[in-house]
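**Student:** So the chains spell out like this:
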Amino acid sequence: MPTPGPVAALTQALRADRGRILAALIARVRDFQLAEDALQDAAASALIHWTRSGAPDNPMAWLIRVAFRKAIDRLRRMQRDAAQTAALTVLARDEAEEEAQLITDERLRLIFTCCHPALDAKSRVALTLRTIAGLSTAEIARAFLDSEPTMAQRLTRAKTRLREAGIPFAVPDPEDWADRLQSVLAVVYLIFNAGYTAGPAEPRDLCAEAIFLARLLSDLRPGEAEVEGCLALMLLTHARAAARTDGAGATVPLAAQDHSLWDRAAVAEGLALIDTAMTRHTPGPYQTKAAIAACHVQGDTPDWPQIAALYASLLRLEPTAVVQLNHAVALAETGALGQALAMLADLAPVLQDYQPYHAALAEYLTRADSLDAARAAYDRAIALAASSADAAYLRSRRNLLPN
Amino acid sequence: MQYLALIYAAPENAPRYGTPEFSAMMAGYTSFTAELKARGAFVAGDGLKPVETATSVRLRGGKVETMDGPFAETKEHLGGYYLIEVPDLDAAIKVAAMIPTAGFGTIELRPVMVY
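For the protein sequence lines, the chains are A and B, in the order given. Residues are numbered in the working numbering as their position in the first sequence, beginning at 1, plus a constant of 250. Residues are numbered in the working numbering as their position in the second sequence, beginning at 1, plus a constant of 50.
Keep in mind that the hints were calculated from the coordinates and are not lab data. Be a bit skeptical, because a hint or two may be false.
[To be verified] Here are the in silico distance ranges between beta carbons for each label pair:
id	chain 1	residue 1	chain 2	residue 2	range
1	A	Thr261	B	Ala152	47 to 53 angstroms
2	B	Pro137	A	Ala506	55 to 61 angstroms
3	B	Val114	A	Asp323	44 to 50 angstroms
4	B	Arg108	A	Ala371	35 to 41 angstroms
5	B	Ala88	A	Glu398	46 to 52 angstroms
6	A	Asp596	B	Met163	49 to 55 angstroms
7	B	Ala88	A	Arg265	49 to 55 angstroms
[To be verified] Only some residues are given here: those of chain A computed to face chain B with a beta carbon under 8 angstroms:
id	residue
8	Ala368
9	Glu414
10	Ala415
11	Gly416
12	Ile417
13	Pro418
Built from N, CA and C at the ideal position, the CB exists for glycine as well.
From just these sequences and the hints, can you work out the full model?
**Tutor:** Below, the structure written as structure tokens:
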């Protein structure tokens with residue numbers, strides 16, 4: 251096999267292993283910014299050395315070793331913390347001797363640090379995408395409709411806060427594990443949802459990034475039912491991506507989707523994962539949501555009574571208005587239209603700016619023959635639609651109403 | 051790391067002096083402080099007299115100006131502090147959550163600067 255050129259080898263290592271390299275560096279120097287700067291120094295140095303004498307056998311190990319020395323150089327120049335510099339210098343000497351055969355994967359600690367609840371939610375998402383998934387600041391800014399300088403500033407502030415506030419680079423204690431894992435999964439799922447809302451037009455598929463992160467979590471910490479549940483939920487949702495929009499770019503609702511467009515392998519993997527998760531007997535919100543998603547992809551029509559029951563149990567774990575809305579929808583589909591409309595009426599004040607609420611309301615008002623109210627609900631839903639695909643679908647529904 | 055835990059509460063939310071709730075809170079502070087000392091996390095800590103006793107001081111144009119009351123107008127007042135020594139923010143948050151006032155007020159954690 252021909253060896254790749256030095257530039258290709260460097261690009262490849264930085265793309266595939268950036269998260270692992272950064273995690274290894276942060277574990278040693280305990281400073282995100284310093285680690286990133288040192289990695290940049292090491293990359294520049296790699297171009298010179300690898301061009302001269304070829305890429306090393308293990309580019310990742312080379313980059314970690316050199317970046318670590320660059321970090322110590324930077325600390326010396328800053329003369330910020332003499333004691334820390336001295337300690338790191340000793341560590342660097344020890345490591346050089348063992349020649350970094352075995353590099354511990356520190357990414358689990360990195361993930362928990364990036365998703366620490368002492369950072370605000372948007373910074374957790376941005377830091378995770380930048381550090382672990384390796385997205386550029388520009389890509390993250392684009393995905394979250396921020397300008398690049400604003401996003402760069404947010405990332406810098408978050409990194410400073412990690413260092414200055416004393417947020418540990420650590421996996422949480424067993425007593426905090428469940429809560430902190432939910433905080434991590436919330437970040438992963440937010441990333442997935444951002445991708446789902448944006449649709450396939452974005453250059454970086456955030457749904458795929460979120461699935462990558464959940465897989466990584468599952469590899470680093472096998473046997474966690476909620477991680478499996480979250481991964482299953484995303485796979486089962488993403489499996490339907492190709493069927494979600496029609497040729498004209500309008501959203502196609504689940505009931506009308508062409509099942510042959512679904513990604514069968516992803517469905518099978520999702521279903522197997524949720525089965526495995528359930529055998530662990532540690533229920534949680536992601537497993538329940540995955541079980542609901544599973545009901546939507548099995549059989550010719552969804553099992554609505556089962557879905558309604560699952561939403562009722564999800565309400566106990568997550569008593570939010572959005573879950574109540576979904577519960578009402580499931581009940582309406584079982585035939586309990588009157589009960590569902592009464593529940594929807596109660597939710598009006600909380601969900602008045604939530605597009606799916608008005609879309610659901612319009613649908614069930616139509617079924618109940620309240621056509622004027624249905625029309626008004628469609629108008630509101632169209633005004634609130636986040637994507638042109640959703641707006642197109644809602645307009646087509648509204649046009650079906652008799653005059 | 052050292053953190054200063056600043057204890058804030060709105061006076062109307064705090065238990066009234068002389069009620070059983072007040073006694074329970076004070077007992078809570080006594081056992082919390084003892085626990086902190088037993089762990090070796092206690093550096094210092096005190097309660098403060100109410101804001102009505104506060105004096106704000108500033109030097110302007112070489113002249114000392116004084117004012118009644120605290121510098122910032124907020125609903126929650128600074129009522130006391132602990133200076134703690136713990137490994138990291140996670141440990142500091144655990145300690146802060148044990149402060150009795152956390153149940154009805156706010157504890158602000160500030161890392162102490164190292165020069």
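**Student:** Are Gly416(A) and chain B close enough, Cβ to Cβ, to be under 8 angstroms, as the hint says?
**Tutor:** holds (4 angstroms)
**Student:** Under 8 angstroms is the threshold here; is the Cβ of Ala368(A) close enough to any Cβ of chain B for the hint to stand?
**Tutor:** holds (6 angstroms)
**Student:** Given a hint of 55 to 61 angstroms, does the C-beta separation of Pro137(B) and Ala506(A) actually sit inside it?
**Tutor:** holds (56 angstroms)
**Student:** Taking 35 to 41 angstroms as the hint, is the beta-carbon distance of Arg108(B) and Ala371(A) inside that range?
**Tutor:** holds (38 angstroms)
**Student:** Is the distance from the Cβ of Ala88(B) to the Cβ of Glu398(A) consistent with 46 to 52 angstroms?
**Tutor:** holds (51 angstroms)
**Student:** 49 to 55 angstroms was suggested as the range; check whether the CB atoms of Ala88(B) and Arg265(A) agree with it.
**Tutor:** holds (51 angstroms)
**Student:** Identify whether the interface hint at Pro418(A) stands, where standing means a beta carbon of chain B within less than 8 angstroms of its own.
**Tutor:** holds (4 angstroms)
**Student:** Given the range 49 to 55 angstroms, decide if the beta-carbon distance of Asp596(A) to Met163(B) lies inside it.
**Tutor:** Given about 52 angstroms between the Cβ atoms, the range holds.
**Student:** Should the interface hint for Glu414(A) be scored as holding, given a Cβ-Cβ cut-off of 8 angstroms against chain B?
**Tutor:** holds (6 angstroms)
**Student:** Does the Cβ distance between Thr261(A) and Ala152(B) fall inside 47 to 53 angstroms?
**Tutor:** Given range 47 to 53 angstroms: holds, Cβ gap about 50 angstroms.
**Student:** Measuring from the C-beta of Ala415(A) to each C-beta in chain B, is the shortest one below 8 angstroms?
**Tutor:** holds (5 angstroms)
**Student:** Confirm or reject the claim that Val114(B) and Asp323(A) have a C-beta distance inside 44 to 50 angstroms.
**Tutor:** With Cβ atoms ~49 angstroms apart, the hint holds.
In summary, this structure violates none of the numbered hints.
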